[in-house]
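Mind docking chain B on chain A? Use the hints.
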Amino acid sequence: MSSESLSMLQREFLSGIRGAGGRELPGTIAQGRISGQTGFGIYAHAYSARLREALENDHPVLGSYLGDELWSKLCEGYISNYPSKVRSLRDFGASLPGYLEQTEPFAAHPVIAELAGFELRLLDSFDAADDARAEWEELIGLAPEVWPDLRVEFHPSFRLHPVAWNSVEIWRALKQGAEPPAAGAATGAGWALWRDEACVTRFRSLDGREYAAITSLQRGGSFGDLCQLLLAWLPGDEVPAVALGYLRSWCAERWLSRWR
Amino acid sequence: MQYGLITASQHSGARAPESRPWLGFGLGLRTEYFESVLADAPAVDWFEITSENFMVAGGKPRHYLERIRARYPLVMHGVSLSIGGTDPLDFDYLRGLRQLAHDIEPAWISDHLCWTGVDGINSHDLLPLAYNEAAITHVVRRVQAVQEFLGREILLENLSSYVEFKQSEMPEWEFIAQIARRSGCRILLDVNNIQVSARNHGFDPQEYLRGIPGDRVWQIHLAGHSDYGDYCIDTHDHEVPADVWSLYESSIRRFGAVSTMIERDDHFPPFLELVDELSLARLAFARASSTAMAA
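Protein sequences, first through last, are from chains A and B.
The numbering used here numbers the first residue of the first sequence as 1 and each following residue consecutively.
The numbering used here numbers the first residue of the second sequence as 1001 and each following residue consecutively.
Next comes chain A alone, as it looks inside the complex (with noise of 0.2 Å):
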């Protein structure tokens, strides 16, 4: 048996374990004590159920959104059309947002690709690296010279959830065991989700401006250009105090790891 033969051999199982829920029996499968068919068929349950256990342990909220009928739907849609080429199960799920995208019935009813985008986030937040926070303190001793080039890093744990919908309301009540409110549009411009000094996920709302300010800061923008953004919002006088409120917060709610 060459080593051709060998990839052969582990092809054919797994395209029998994965098609047709282990029913055609590759032809290198001997009848034993337990027969060829009971073996085999046991390996393709543990295929599918191991790969939906991953979906219902990242999207519990999700499953409970969607119900069981609609749920087995997705896992089977999912299982079947993104086989995993993932070292961990962990990341199984990681394109289950844009195939809940583009493919009906679920497409009609974005909030729910929205959903399992944001257990994704908190799932991503989790086990994010670690690393140091910053304290207000040190950085308004900073000269005020510096200021204009000021850059901040976020926490390898912050994540902003941008929302069309009311995605975190519904997720936010279903958790809670609550009837959830019916889809509808966001009220804000999304959240940001973090995870604390205690290892505890956090999350808050996010309006317009402060939204388009973490996000100036992430893409690499100084404090500069911070304040200039805020122009759009507000008079030229207001723009410096808002802008260090909102790193004073930040630092408040440990989202920054340090600046430069």
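Source of the hints: derived by calculation from the structure; they are not laboratory data.
Just so we're clear, the structure is a prediction, and the values are computed from it rather than from any experiment.
Hints may contain errors.
[Unchecked claim] Okay, derived cross-link-like pairs now, SDA-like style, lysine to any residue, Cα gap no bigger than 25 Å in a straight line:
{"no.": "1", "chain 1": "B", "residue 1": "K1166", "chain 2": "A", "residue 2": "T28"}
{"no.": "2", "chain 1": "B", "residue 1": "K1166", "chain 2": "A", "residue 2": "L25"}
{"no.": "3", "chain 1": "B", "residue 1": "K1060", "chain 2": "A", "residue 2": "P156"}
{"no.": "4", "chain 1": "B", "residue 1": "K1060", "chain 2": "B", "residue 2": "P1270"}
{"no.": "5", "chain 1": "A", "residue 1": "K175", "chain 2": "A", "residue 2": "P110"}
{"no.": "6", "chain 1": "A", "residue 1": "K85", "chain 2": "B", "residue 2": "D1119"}
{"no.": "7", "chain 1": "A", "residue 1": "K85", "chain 2": "B", "residue 2": "L1150"}
{"no.": "8", "chain 1": "A", "residue 1": "K73", "chain 2": "A", "residue 2": "R172"}
{"no.": "9", "chain 1": "A", "residue 1": "K73", "chain 2": "A", "residue 2": "A46"}
{"no.": "10", "chain 1": "B", "residue 1": "K1060", "chain 2": "B", "residue 2": "D1266"}
{"no.": "11", "chain 1": "A", "residue 1": "K175", "chain 2": "A", "residue 2": "W71"}
{"no.": "12", "chain 1": "A", "residue 1": "K73", "chain 2": "B", "residue 2": "F1268"}
{"no.": "13", "chain 1": "B", "residue 1": "K1166", "chain 2": "A", "residue 2": "E4"}
{"no.": "14", "chain 1": "A", "residue 1": "K73", "chain 2": "A", "residue 2": "Y99"}
{"no.": "15", "chain 1": "B", "residue 1": "K1060", "chain 2": "A", "residue 2": "V86"}
{"no.": "16", "chain 1": "A", "residue 1": "K175", "chain 2": "B", "residue 2": "P1061"}
{"no.": "17", "chain 1": "A", "residue 1": "K73", "chain 2": "A", "residue 2": "T103"}
{"no.": "18", "chain 1": "A", "residue 1": "K85", "chain 2": "B", "residue 2": "I1121"}
{"no.": "19", "chain 1": "A", "residue 1": "K73", "chain 2": "A", "residue 2": "L122"}
{"no.": "20", "chain 1": "B", "residue 1": "K1060", "chain 2": "A", "residue 2": "S88"}
{"no.": "21", "chain 1": "B", "residue 1": "K1060", "chain 2": "B", "residue 2": "F1268"}
{"no.": "22", "chain 1": "B", "residue 1": "K1060", "chain 2": "A", "residue 2": "L160"}
{"no.": "23", "chain 1": "B", "residue 1": "K1060", "chain 2": "A", "residue 2": "T201"}
{"no.": "24", "chain 1": "A", "residue 1": "K85", "chain 2": "A", "residue 2": "E24"}
{"no.": "25", "chain 1": "A", "residue 1": "K73", "chain 2": "A", "residue 2": "A49"}
{"no.": "26", "chain 1": "A", "residue 1": "K85", "chain 2": "B", "residue 2": "G1096"}
{"no.": "27", "chain 1": "B", "residue 1": "K1166", "chain 2": "B", "residue 2": "E1207"}
{"no.": "28", "chain 1": "A", "residue 1": "K175", "chain 2": "A", "residue 2": "C199"}
{"no.": "29", "chain 1": "A", "residue 1": "K73", "chain 2": "A", "residue 2": "A173"}
{"no.": "30", "chain 1": "A", "residue 1": "K85", "chain 2": "B", "residue 2": "V1056"}
{"no.": "31", "chain 1": "B", "residue 1": "K1060", "chain 2": "A", "residue 2": "R18"}
{"no.": "32", "chain 1": "B", "residue 1": "K1060", "chain 2": "A", "residue 2": "C199"}
{"no.": "33", "chain 1": "A", "residue 1": "K85", "chain 2": "A", "residue 2": "A49"}
{"no.": "34", "chain 1": "B", "residue 1": "K1166", "chain 2": "B", "residue 2": "E1133"}
{"no.": "35", "chain 1": "A", "residue 1": "K73", "chain 2": "A", "residue 2": "H109"}
{"no.": "36", "chain 1": "A", "residue 1": "K175", "chain 2": "B", "residue 2": "D1266"}
{"no.": "37", "chain 1": "B", "residue 1": "K1060", "chain 2": "A", "residue 2": "D130"}
{"no.": "38", "chain 1": "A", "residue 1": "K175", "chain 2": "B", "residue 2": "F1268"}
{"no.": "39", "chain 1": "A", "residue 1": "K85", "chain 2": "B", "residue 2": "P1270"}
{"no.": "40", "chain 1": "B", "residue 1": "K1166", "chain 2": "A", "residue 2": "R18"}
Okay, now just chain B, sitting in the frame of chain A:
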């Protein structure tokens, strides 16, 4: 960090190779038990982690791991090596594994004698190999590459299996023995898996034990399984059953003192119940050791 491993023969009367480290009796470290491990300071000698669960950048998993490793020796047990796979070895994964080993200094690193996927598609399962010379040559070459990259021996665990291949030319135990001897790897002997596969394929588990080279066995897994009458499935969701305890005692009589742990991956009982179950392993070990000494 050094844990001052002692050899098995220093610790028990059972015969064992002098070179085999002895950690005692351990449990799998599962997320569900993080808080209990820290709060209860249980009488567990060591913990086994699932490597992939901690190959993350930060957050709670690494936070707890750092605190737990300050109190207990750890070993790393992976599920993604795919040592029998025909896709190229994943050196990004191996770099992550090596980094984790650097960070937490495990007593050893193990994975499974299996393949997990092909053509880049991951089944996330531990799939069986055909037991033949071509597979041995293939696996030995990959084990040697992995051991060279990690700079240490690895342990490979026997699977529970539900099918046999027409291309197999030898029994499973001979397959494992050949790979261990030729590659220099060690064996993580899962006694429950032997019992499950023996039921499914109709071999004598004692013959299996007789075919395993004792000097290569460094760790034993114990676990429960689900019995469906005609066949068994390795589910890790029950307490260790009587037939596995019996086979464990046979293993200790044959191989001497081997660091032993209980795996539990579902239907999690309160943590202290698992610690109590571990005391059954100590008793079984003592019974088997005294029998071995008397013999």
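Evaluation of the provided hints:
1. K1166(B) with T28(A): holds, 5 Å
2. K1166(B) with L25(A): Cα-Cα ~13 Å, so holds.
3. K1060(B) with P156(A): holds, 14 Å
4. K1060(B) with P1270(B): Given pair K1060(B), P1270(B) holds - Cα atoms ~21 Å apart, limit 25 Å.
5. K175(A) with P110(A): holds, 20 Å
6. K85(A) with D1119(B): Satisfied, since the Cα-Cα distance of roughly 9 Å is no more than 25 Å.
7. K85(A) with L1150(B): Holds. K85(A) to L1150(B) sits at ~24 Å (cutoff 25 Å).
8. K73(A) with R172(A): holds, 24 Å
9. K73(A) with A46(A): holds, 18 Å
10. K1060(B) with D1266(B): holds, 21 Å
11. K175(A) with W71(A): holds, 17 Å
12. K73(A) with F1268(B): violated, 29 Å
13. K1166(B) with E4(A): Answer holds: K1166(B) to E4(A) is near 16 Å, not above 25 Å.
14. K73(A) with Y99(A): Holds, because 12 Å separates the two Cα atoms, which is no more than 25 Å.
15. K1060(B) with V86(A): holds, 22 Å
16. K175(A) with P1061(B): Holds. K175(A) to P1061(B) sits at ~23 Å (cutoff 25 Å).
17. K73(A) with T103(A): Holds. K73(A) to T103(A) sits at ~11 Å (cutoff 25 Å).
18. K85(A) with I1121(B): holds, 5 Å
19. K73(A) with L122(A): The hint holds at about 24 Å.
20. K1060(B) with S88(A): Status holds; Cα separation ~17 Å.
21. K1060(B) with F1268(B): holds, 20 Å
22. K1060(B) with L160(A): Distance ~20 Å between K1060(B) and L160(A) Cα, so the pair holds.
23. K1060(B) with T201(A): Given that 25 Å is the threshold and the Cα spacing comes to 10 Å, the pair holds.
24. K85(A) with E24(A): holds, 23 Å
25. K73(A) with A49(A): holds, 14 Å
26. K85(A) with G1096(B): Given that 25 Å is the threshold and the Cα spacing comes to 17 Å, the pair holds.
27. K1166(B) with E1207(B): Within the cut-off at roughly 21 Å; holds.
28. K175(A) with C199(A): Between K175(A) and C199(A) the Cα gap is close to 19 Å, so the pair holds against 25 Å.
29. K73(A) with A173(A): Holds, because 24 Å separates the two Cα atoms, which is no more than 25 Å.
30. K85(A) with V1056(B): Satisfied, since the Cα-Cα distance of roughly 18 Å is no more than 25 Å.
31. K1060(B) with R18(A): Since the Cα atoms of K1060(B) and R18(A) sit roughly 34 Å apart, the hinted pair is violated (cutoff 25 Å).
32. K1060(B) with C199(A): holds, 6 Å
33. K85(A) with A49(A): With Cα atoms ~17 Å apart, K85(A) and A49(A) stay inside 25 Å; holds.
34. K1166(B) with E1133(B): With a Cα-Cα distance of about 14 Å, the restraint between K1166(B) and E1133(B) holds, given a limit of 25 Å.
35. K73(A) with H109(A): holds, 15 Å
36. K175(A) with D1266(B): Roughly 23 Å between the alpha carbons, so the hint for K175(A) and D1266(B) holds.
37. K1060(B) with D130(A): holds, 10 Å
38. K175(A) with F1268(B): OK: K175(A) and F1268(B) at ~23 Å, within 25 Å.
39. K85(A) with P1270(B): violated, 35 Å
40. K1166(B) with R18(A): holds, 21 Å
In this structure, the hints that do not hold are numbers 12, 31, 39, in rising order.
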